[in-house]
Amino acid sequence: MRTFTVAAAAVTAAALLSLGTASVARAESLERPCTTAPEAQWLSLDALKAKVEAQGYTVQKAKLKRACGEIYARDKDGARTELFVDPTSGEIVAVERD
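At position 38 of the sequence shown the residue is numbered 38 (the numbering used here), and the sequence of numbers has no breaks.
The set of hints was computed from the structure by calculation and includes no laboratory data. Keep in mind that this is a model prediction, so the values were computed, not measured. Ideal Cβ positions, reconstructed from N, Cα and C, are used throughout, including at glycine. There may be inaccurate statements among the hints.
Unchecked claim - Between beta-carbon pairs, the in silico distance windows are:
1. 74 - 40: 30 to 36 Å
2. 41 - 79: 28 to 34 Å
3. 38 - 78: 34 to 40 Å
4. 37 - 78: 32 to 38 Å
5. 96 - 53: 17 to 23 Å
6. 98 - 65: 15 to 21 Å
7. 78 - 40: 34 to 40 Å
8. 97 - 38: 28 to 34 Å
9. 33 - 61: 16 to 22 Å
Stated by the list, open to error - Pairs of lysine to aspartate or glutamate, DMTMM-like flavour, derived with a Cα cap of 25 Å:
10. 51 - 96
11. 76 - 96
12. 63 - 98
13. 61 - 96
14. 76 - 86
Make the full structure from the sequences, and use the hints.
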C-alpha cells in the first residue's frame, strides 16, 4: 500500500509541476512585445483583424497591448485561440490554444 501512496504522490507532483510550467509560459508570452517600432508605424486594429481573418481565423475580440496585437479567435476547426500579432505587419508571432 505504501508504494501506491508514493507513486500517487509522485504522479500528483508531476501533474502540478506541469500545470505550473504551462501557466508561466502563458504569462511570459503576454509580456513579450511583438515590435519595437513606434505606434505611428502600426496598422489599425481593423487591419490586423482582417489579416488574421484572411488566414482562416474568426475574430471574437481584439486589442493592442504592450506593442502587440492580442486577438482572441477561433481557428478553422473551431478551437479557441489567442493570437499575438506584430502590429506593423499583421504577422502572427505566437499562438496559444485552449
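Going down the list of hints, with the structure as the test:
Between residue 74 and residue 40 the Cβ separation comes to about 32 Å, which falls inside the hinted range of 30 to 36 Å. Checked against the given bound of 28 to 34 Å, the beta carbons of residue 41 and residue 79, roughly 32 Å apart, stay inside it. In this structure, residue 38 and residue 78 meet the distance hint of 34 to 40 Å, their C-beta atoms being roughly 37 Å apart. Judged by the Cβ atoms, the range 32 to 38 Å given for residue 37 and residue 78 holds: they are separated by roughly 33 Å.
Separated by about 18 Å at the C-beta atoms, residue 96 and residue 53 satisfy the suggested range of 17 to 23 Å. A hinted range of 15 to 21 Å for the beta carbons of residue 98 and residue 65 is consistent with their spacing of about 19 Å. A beta carbon spacing of about 37 Å between residue 78 and residue 40 agrees with the range 34 to 40 Å that was offered as a hint. Checked against the hint of 28 to 34 Å, the C-beta distance between residue 97 and residue 38 comes to roughly 31 Å, which is consistent with it.
Range check, residue 33 to residue 61: about 20 Å between beta-carbon atoms, so the 16 to 22 Å window is met. In summary, the hint linking residue 51 to residue 96 is supported, as the alpha carbons are separated by about 18 Å, within the 25 Å threshold. A C-alpha spacing of about 15 Å is found between residue 76 and residue 96, which places the hinted pair at or below 25 Å, so the restraint holds. Annotation: proposed proximity of residue 63 to residue 98 holds, straight-line Cα distance about 19 Å (limit 25 Å).
Distance restraint check for residue 61 and residue 96: the Cα-Cα separation of roughly 15 Å lies within the 25 Å cut-off, and the hinted pair is therefore satisfied. Between residue 76 and residue 86 the CA atoms are separated by roughly 21 Å; this keeps the pair inside 25 Å, and the hint holds.
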